[in-house]
Structures are given as structure tokens and as C-alpha cells.
Amino acid sequence: MTIEFRDVHASYDTDTPILKGVSFHVDDGEFVAFVGTNGAGKSTTMRLVNGLLKPEKGEVLIDGVSTVELKTSELARRVGFLFQNPDNQICSSTVREELLFGFRALGRLDANAEARVEEIIEEFGLNPDDDPFLLNRGTRQLLALASIVVLDTPVVVLDEPTTGLDFRECVKVMRIIRRLHESGATIVMVCHDMEVVADFAERVIVMSDGRVVDEGPTFEVLRNRHTLEVASLVPPQIVDISLALSLVRQDLRGTPVTQANDLDEMCDAVAQVKDVEYLGARGLEGGSR
Amino acid sequence: MNGFLEYVPGDSLLHRLNPVAKLLFAIVFAITCFCTGNLVFLCCMFALGIAMAASCGMMKQVLGLMKAVFVFSLILAILLVFTTPQGEMLVELPWGYIGTGSLLAAATTIVRLEAAAIPLFLTFYVTKISDLSNSVVKVLHVPYKYAFTFASTVHFIPVFMNDMKGIMEAQTARGIEFDVGGIVNKVRLMVPLCVPLLVSSVRKTNSAAIAAEVRGFNLRTRESGYKQYPFSGADFVVLALAVGLLAAAICLTVLL
Amino acid sequence: MIEIKDFTFRYRESSSPVVEGINLVIPDGAFVGITGSAGSGKSTLTYAMNGIVPHCYPGDFFGSVTVGGLDTCEASLTDISRIVGSVCQDIDSQIVTSIVEDEMLYGLENFGFAHDQIEGRIGRALADMGIADLRSRVIASLSGGQKQKVAIASILALEPKVLVLDEPTAELDPASSLQVFGLLARYAREHGTTVVVVEQKIALLSQFADMLVIVDGGKIRFADAPADVLAYSEELLEIGVNCPRATTLMNRLAATGLYAGPVCRDVEEACRALSEVIL
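Residue numbers (my numbering), protein chains in the order written: chain P, 22 to 310; chain G, 5 to 260; chain C, 2 to 280.
With the rest of the complex left out, here is chain P (with noise of 0.2 Å):
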């Protein structure tokens, strides 16, 4: 499923504009992160994506359709959205009726949705029986997460899911949401851990001040001097060490310590200039992440 955005200006209340102009086009199946600093308009993108939020100017169509026309139920079968937080979903007594809500929302609850959930239940590792209320954090956004997921919606936008997350955590919702990807989903994400982002998404659009600054492939945009610095952004630390050596040292432009875009790329990059193999631990965090 797409999602396109002709020109569209939004706002909360009139007098503050949020979005001044934003185009873009997502297609199906993609998996793109929004970048940008506090206050640059992401959150709102997204809260438009799924209707939450009209525009004032322009169109958002999702597949084609403007959110304007597809009334709330429509939207929410076609779009599952993940909120920052956990606790503003959550809304049962336990995990499993908590994962069985959107199907009596949308009026679908019958076996095939039983089945999907005792699905779901066992993919993320939960138990049906817990009192959503006494989990830990993590463990909250992961049951919130797996409640988007268990409906199979076509698109699904994550605002900034693993803010508040240790590794770990982050590493179990991060790894489920390749998987949901993998899977044929368009995945959308606002997302302000640039390793995340230059782990797992394909493209990057760039906002800041209500408009979008840059987009294009995910190493493409995060080794564009000029786009950091326009958004504000602090690029991943591996990029951020290749784009710094090119800098300083002219002599290793064009070598693969300049174009190295993760840890297992400049490992081998540098043992490629020392003419050694690089036989180092492989895949500890960009592989397995």
C-alpha cells in the first residue's frame, strides 16, 4: 500500500502552521525513517498518515484514497499506528484481551482472529494471562506493538518506537519490525536513534521547520554534510568517523575507509588498507540488531 503527500499544510490550531508544504511519496513495501529535531513536524506526518489529523491545504492518499474520504474504521484496517507511548493504548485487563481490542473494534472478532492472537501470543513471547498494567516498560510497548501487528494492517507507523527502551528491548522490537517488513509491510517510522535508523531503514526523508529538507537512500542522506546540518542531525558514529576521515585525510578519499557505512564495512575496510584479513567477531550489533 502507498502513501502519498501532495502539498500538504496542517496545523493544531490555526494560528501555528506545523506543516508548511510537505510532499512526498512512500511506496508499498518500503521501510522509511523520518529524521529531524524536536518540533521539526514528523509526529504530525504521521498522525496525518492515519487520519488522526486532517489537512488544512493538499491531500493525503493512502493507496490512492484521501484520508478525507475513508471514515475512521476504514482507516485503521489499511494503517496500524504505534504510539510513543505504551500506556495511552493499553486499555484491558490482560494480554490477550488487549490483543483481541481491534478486532472487536473493527467488528472482526470470530476464530480467525482468536487464532491469530494465540499467533501472535507465541511469536512475541508473551503470556495472555498478564495484567498489562503490572508489566515492565518494555515489555508494555511490546504488547502495544503486538496489538498493531496482530491486525495486519498493510502500512504500519511507528512514532519513535523504542524511546525509553534499553538495548535489549530495543533489539527485540526492532528485530520484529524487519520481520513485519520482510513480511510485505510498508513500514513508517520516526525515529531519533540515528543507528537505528542506519540499521534498518531503506530511505530517509529529512524534515525540519514543517518541511521536508532531504530524502533518498538511507547512507545517500546521512552522508550529506549539507542535509546534517540543515536538520540538525548527528549522524550515525561509524558514517560520522568515515565522512570525518575524508575530511581530514585527502589521501584516502575514494577508499572503502571513506565509504564505509557500518562496524563489519570499516573493520574490513581498514584491514583491507593494512593488507591484513579482517577476521574480528562479525554481527554482533549492525547484523544481529
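For the record, the hints were derived by calculation from the structure and aren't laboratory data. Treat the hints loosely; a few may be bogus.
[Said to hold, decoys possible] Listing some non-contacts, in silico: residues in chain C with all C-beta distances to chain G over 10 Å: (1) 11; (2) 59; (3) 91; (4) 108; (5) 111; (6) 113; (7) 129; (8) 131; (9) 132; (10) 133; (11) 176; (12) 222; (13) 267.
[Said to hold, decoys possible] No farther apart than 35 Å at their CA atoms in a straight line, the calculated lysine-lysine pairs in the DSBU-like style are these: (14) 208(G) / 64(G); (15) 149(G) / 231(G); (16) 75(P) / 208(G); (17) 149(G) / 220(C); (18) 208(G) / 220(C).
Glycine is no exception: its CB is placed at the ideal position from the N, C-alpha and C atoms.
Following the hints, position chains G and C against chain P.
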């Protein structure tokens, strides 16, 4: 984006008045409205309230308030119409009649409630809640603990409303249609959502108490306030006006 | 100085201690970063320093915690709060008033600062956090990141001897997070403020902190200068702490014999080291 009872920054005369003067004026004003049944006088009071709202640019907020008060007072007014058989008979009822007096009583009730409510609510829109609580501590010698409790209750209203909004949005995203089926349906859908709201509010008020305590809550005395709240000429004029209105209302009631 | 001796604490409602046998000495003016996976007890450790444990959460308290000579168990929360400024995790509950300026005034008024000092303190703290323009704003209308900055500024204005912050950058973008950490480091350096921060973003800690404390399962696993802790990137990963990638990169090159220098804490150090490796 301003919510219910939330301070709206500004520099009008009402903004600048002493918080205590504003509060006392609003209270006396409300009492005045209940002291007389004279519809003309109440209409004047109502007009005065509107004029005050207009003077500080709060018409939008006051109109919203008036709508809410109108709904409430309308219920009372309808009850009055059917239960006070007064004046010339207009419609006969099995247990009495609806007369011109009934309609007059109903109209009086609506105007009275509207008039009484406006300055009270206006006070919150043009006064920072901290100024209000600090000044009642300093000027009226109300114990700080009570003033703070009141202030934090008001402070938490927008926080909780925001939470509720977040919760409703999260559920809307899952396909719950709050916007169809009218108010009854909306309430029915909202009831289960009170659980997460309750959980988060208990958590919040608990940590808020701790946060206040580690910032010296217990050290606070009447002298602690940084700002002073001296009465100016305008404040005395306002208070005199309130007393004058009250006196006029009592005179009207006694004389007529 | 903060001194924690054989500290063990169990919350009343839980069956096992959340922190156990903690020994830690933090000298004045140190910038200490605490990290560890969820539920490791890092927040409880900070609660012990600002007196929230045991004064607000009851439970079994063993050992002793002294801050600036005060025994946090015996001293009242109010007395502790004169020395220790705390920024809690949940900003919405940290904020007690409705206007930014009032939030700044709240603590200052309570602690009875001389009125002629108050204006200067508010101005400085707001300017330091880069939010002087928010001074008269209604807090409910601010974004999460802005609220977080207000909460920090309102504590900075008190200029406490010790600052304890629980995930102060959770709502902030990377640029603002860097700015906040730079500021905290400056307070430690210039005012001799002891800064204790719980933080998930380990890259920030390794770049700015003097001491890195890694908590795992209620116990301190490492407490040392960042470079000395980060040398153990593999062990850290096992307990759910992921080193900054710049550090991991150089550690890996070290493991293969390509690099022999000191541990790199940030991009800048890694760049310099790498440049030498590829000479």
C-alpha cells in the same frame, strides 16, 4: 491551544488587577446575582460580565462557557416552567398551568446563572493560578497547603485532558469510532478508557507529590512568595463596585 | 561527596531486593553516568541519593548512604533537597505549575532565596538551557522536549551542590541531548556541581562523564573511568549494554591486533586513532 480554565496571557486591565481583588469581585458578583430576582437588573449584570470578557479579549472562552451553563440552566428553567404556576395562564396542565410568571422565572434563572458564572470563570482565564494561590496565601492568609492543593488540581486538568486525548487517539487509530452515533455512544466507548487514565493519574499525582517535596514544599511560608501583591487604586475601585452592586441588588429586593 | 556503603534495598511490595551490596564513592564535582538494562536498579540507586528512598517508597533499607555528610536515611527529605536537586523521569509530574516562569520560581521561593538573586538565577538557567524565549509560555502548550528543558532549568536555577537526573534526555532530539550533557559537564567543571545521570544513551555518557557505573541485576558491575569500562565491550553487551560504535570499532581492531592504543570513548578519539592505524 488553550484548554478549560487555563490562563490566557495578556495585558488587559483585568489581567493586571490584583488576583485577590478579582477573586473577591467575582464572588461578590455571583452572590449579588442570587440576591435579586429583578430580571432587568440581572440583564445588566449579564451585560457587565460580557463587557468585562470583551475588555480582555476572552469572548471565545466565555462563549464556550455560556453554552455549557446554558445547557445546565435550561434544564432548571424547564423544571421551573412546569412547576411554578404564576402570572397569567398560558397553557393548562393537569397539575397547574404555565403562566407568564413561569416563563419569567425560567428566564430569570438562565440569566442569573449565566451572569453569576462569567466573572468567576473569567478570573481563571486572566489570572495565573500561581498568582491566585500565592496572593490568597499572602493577602488572605490562607494556609499554603490548601492553596497549593487547589492550584495543583487546576494545574492537572489540562494534563489529564491531554492524557485523555492521547488515549482516545490511540483507540481511534485502532478503529474505534468516537465520532459516530452521538453522545451516548461516545460515553459508552469512553468508559473502558478511564482505566488507563486512572492508572496514569494515580501514578502522576503520586510522583508530583514527591517532585514538590524534593523542591522544598515543606519549607514554604507566607513570606516565601517572590512576587508581592499590593492593592492599587483600581483594585479598590473594583471592590467598591462589587459592594455597590451588592447593595443595589439588596435594595431592589427589599424595596420592590 | 556521596558515599554509599553496603547498600541494599527491597521495596515493600517486592520479594527480592532491587539493589544489593552497593558500594560507591562519588567525589565532589564528578560527573557520573549510570546505565544498565531495564529493571537493573539504576533508578533506585538515584533515589537513594536524593532521599526518595526510603522517605517516599517504604521498604527494607540496609547499609548507609551519605550525601554531603547527611545520612539520607536519618535526614529529612527537605534537608536533603537543600543539597540535592532532582529531575525525575516523568516530566509531567515533575512540573507543578502552569507557566514556565512560575515553575522556575517554585523551588527558588520555597528555599527562600533572596529576592534580588532570584531574577538572575532564573535568567541564567533559562539561557543555559536555551529556552529564554519560553519564559512566559503556558506549560501545557509546550512539546515534550521543551517541557523536559523547563524541568531541568527549574532545578539548575536552584544551583544545588548535587544534581541527580533520571533519563533527562528521553524526549530530546540528538542535538538537544548533546547540548544538555555539555551543559551538565560545564556545571561540574565550573561550579564543582556533582552530577549523577541515569541514561540509556551510552554514547553521551562515555563522551561526557568522568565515571561510568554499570548496574546489572541490582549490583554494580563496573564503576570506573569510561575508557576503562568500555574496554569490556563484549562483556557489556552480554549484560545488555551496547557500547558506542566508535568504541566497539576500535576495540575490535584492537582484538585483531590492528590497533594497540587506548580505548576510544567517542567519534573524535576514534577518528584520531584510526588515522594513526591507517598511516
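Quiz item: Checking against the hints above, which ones are violated?
Solution: 3, 4, 5, 6 and 17
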